[in-house]
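Residue numbering for the sequence shown is 1 to 212, as defined by full-length UniProt numbering.
Keep in mind that the hints are not guaranteed to be accurate.
As a list, the in silico DSSO-like pairs of lysine-lysine whose alpha-carbon atoms are at most 27 Å apart [said to hold, decoys possible]: (1) 173 with 67; (2) 66 with 28; (3) 66 with 106; (4) 75 with 173; (5) 66 with 35.
Quick list of the computed label-pair ranges, beta carbon to beta carbon [said to hold, decoys possible]: (6) 151 with 190: 27 to 35 Å; (7) 73 with 48: 16 to 24 Å; (8) 151 with 73: 23 to 31 Å.
Hints are computed from structural coordinates only; laboratory data are not their basis.
Ideal placement from N, C-alpha and C gives every residue a C-beta, glycine not left out.
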Amino acid sequence: MFTGIIEQVCKVEEVEDTGQHTRLMIEKGMFDDLKIGDSISIDGVCLTVTHLDDECFTVEMINKTKKITNLGPIKPGTMVNLERALTMSTRLGGHFVSGHVDGVGKVMHKETDGSAVNMHIQCPGKLMKYILDRGSITIDGISLTLFGVRPDRSEVIISLIPETQSSTTLGSKAPGSAVNIEADMLMKHVEHLLSWGTLEAGEATRKEVPHV
Numbered sequence: 001m002f003t004g005i006i007e008q009v010c011k012v013e014e015v016e017d018t019g020q021h022t023r024l025m026i027e028k029g030m031f032d033d034l035k036i037g038d039s040i041s042i043d044g045v046c047l048t049v050t051h052l053d054d055e056c057f058t059v060e061m062i063n064k065t066k067k068i069t070n071l072g073p074i075k076p077g078t079m080v081n082l083e084r085a086l087t088m089s090t091r092l093g094g095h096f097v098s099g100h101v102d103g104v105g106k107v108m109h110k111e112t113d114g115s116a117v118n119m120h121i122q123c124p125g126k127l128m129k130y131i132l133d134r135g136s137i138t139i140d141g142i143s144l145t146l147f148g149v150r151p152d153r154s155e156v157i158i159s160l161i162p163e164t165q166s167s168t169t170l171g172s173k174a175p176g177s178a179v180n181i182e183a184d185m186l187m188k189h190v191e192h193l194l195s196w197g198t199l200e201a202g203e204a205t206r207k208e209v210p211h212v
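Whole structure, please, built from the sequences with the hints as guidance.
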């Protein structure tokens with residue numbers, strides 16, 4: 001579990017596709033407390049640390065993850081957003097983020113608004129039901145507030161403050177760039193509970209109807 005508050009941006013040093021999975025070796029930066037087996041968010045994708053040395057840590061990405069996130073074509077030299085898993089004493093500055101990407105979106109265009117940068121992102125249509133104005137969304141692992149929703153275009157608008165622009169990779173994304181999207185998990189849980197109640201009610205009705 002994560003908060004969507006990026007701790008640091010680091011460089012991917014090596015990428016090795018074994019056919020079975022892909023190993024990513026990434027700069028460790030200030031994460032001196034990492035341990036093998038720790039969960040870490042890489043551009044919003046929860047992966048497990050499998051190896052450590054003095055300068056870098058390694059994670060392994062299965063083929064399915066490559067297909068459903070923007071990490072598939074990642075190359076050495078790419079800068080990525082990193083966040084360690086939250087602890088019970090962590091301030092929840094963002095929102096609850098699972099690190100399980102729901103889909104890949106595309107940056108449509110950007111515009112400057114004073115010190116902020118407004119970014120229009122096209123989302124997979126299936127995610128729009130979880131997205132509402134002033135709600136939360138995770139883009140490339142970053143917890144953000146939605147400042148506009150256009151269901152007819154499957155498009156959302158976010159506004160990047162200067163701190164987000166300088167401390168994450170999102171501000172440098174150009175139109176056409178792919179981004180990882182995770183919808184608000186609380187919205188998904190509410191949908192599941194409501195649909196489960198409907199299923200249970202339907203099941204109960206069928207059981208009460210006598211066979212003729």
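### Hint numbers not upheld by this structure, sorted from lowest to highest
6
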